[in-house]
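Q: Model the full assembly from the supplied sequences, consistent with the hints where possible.
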Amino acid sequence: MRAVLIVAHPDPGSFTHAIARRVSDGLVAAGHDVIVHDLYAEGFAAAMSADERHAYHGDVPVLDPLVAQHIADITDAHTLIYVYPTWWSSMPAILKGWFERVMVPGVGFVFDAKGKVRPGLTNVRRLVGISTYGSKRLYIKAINDNGRRTIMRAMRLSTGVRTRSRWLALYGIDSSSENDRSQFLDRCERMARSL
Amino acid sequence: MKALVVFCHPTHDSFTGASLQRALAGLAKGGHDVRLVDLYAEGFRPELSRDDLALHTSDWRAHPDLRPDVRSHVDDLTWAEALVFVYPTWWSGQPAMLKGWIDRVLVSGVAWQLPEGSNRIRPMLQHVRRLVVVTSHGSTKWVNALEGEGGKRVVGRALRVLCSPRCRTRWVALYTIDRAPLAKRLAFLDRVERRLQRL
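Chains as they are written, first to last, in the working numbering: chain U, 61 to 255; chain Y, 5 to 203.
It is worth saying that the hints were derived from the structure and are not from the lab. Careful: at least some of the hints might be erroneous.
Looking from chain U toward chain Y, a few residues come up when the C-beta cut is under 8 Å (computed) [unchecked claim]:
{"hint": "1", "residue": "Gly91"}
{"hint": "2", "residue": "Asp93"}
{"hint": "3", "residue": "Gly194"}
{"hint": "4", "residue": "Lys196"}
The beta carbon of each residue, even a glycine, is placed where N, CA and C say it ideally should be.
A: Here it is as structure tokens:
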């Protein structure tokens, strides 16, 4: 089954990218067909343009071929996985922009006859978020984990009713030990194998 | 009060654009000193780059010339006593363009410091005494509550902890905008002006 991995970190040598590689390895080992979208490497534009904003509620809301490719990949996916560092209690701008530009009407959600919002990605049955945090867990809980909420709640509502969701977090990364990080990578790969 | 208004919408021909005009009118009536930043109009780059990241923990004040495209923004940030964000709520938070301003402009040595070996940042925006958000939501207040009001928490908590301990936050939001009758929208715009006048 198809899994799409969305990675948002500017440095290919980062821990975020190390996580993405291990997750991809795990998915391949479990027999999944994996598509990795490295947003920075692809030059994905974070900001929705004025033209896209004008087209948003029209018949053709997608203007960028790269966005169209992402849409084609996720509308055919069983599993959707996001890997990113949490900045200012939320996702990096480039990933926030992915939601705004890819999850447009007709993709992430559809309007029914009464104008109510209905889920658009009922094909997605596994939704996974993996993030690293500078702060400790309790601090994140107090400040609120807004990236996690956007994915586990807003995005979750765009998928099927029985979609299972998972969240993996490495807190306090700046003071974590080599061992902590290595264990976390193992955990990510195990999770990917079990999807 | 010295108010930095950060406007984030691709067009001025929008309800957010109308909200901005009324916010500016209110600030003028209140006799506030205003600086306006229009992120889309200036073509601000929201993606935090690898070079930005390499400088992430180094003190801005030691190398203010290394990131020329955020320099004026950092100057505005150090000048401000009030931060006023005017934007539409998309996917339960700030548009990517505005999140990028937060990611790139709140630099070390200006907005925060990370003491050696610590996990907790030390706040440096003590001169900021007001945080104001003017926004509109497509979905209902109930759905936003269910989704966790991410945008509200980014400003009210993550940014709030950087500011003066006595900083007050103002949340001026119109929910269910797509189905709001004209009278309700107009009443909201009046509210924006009143709120910003008193700041």
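Q: Find the hints from earlier in the document that the structure breaks and name them by number, from lowest to highest.
A: Failing hints, ascending: 1 and 2.
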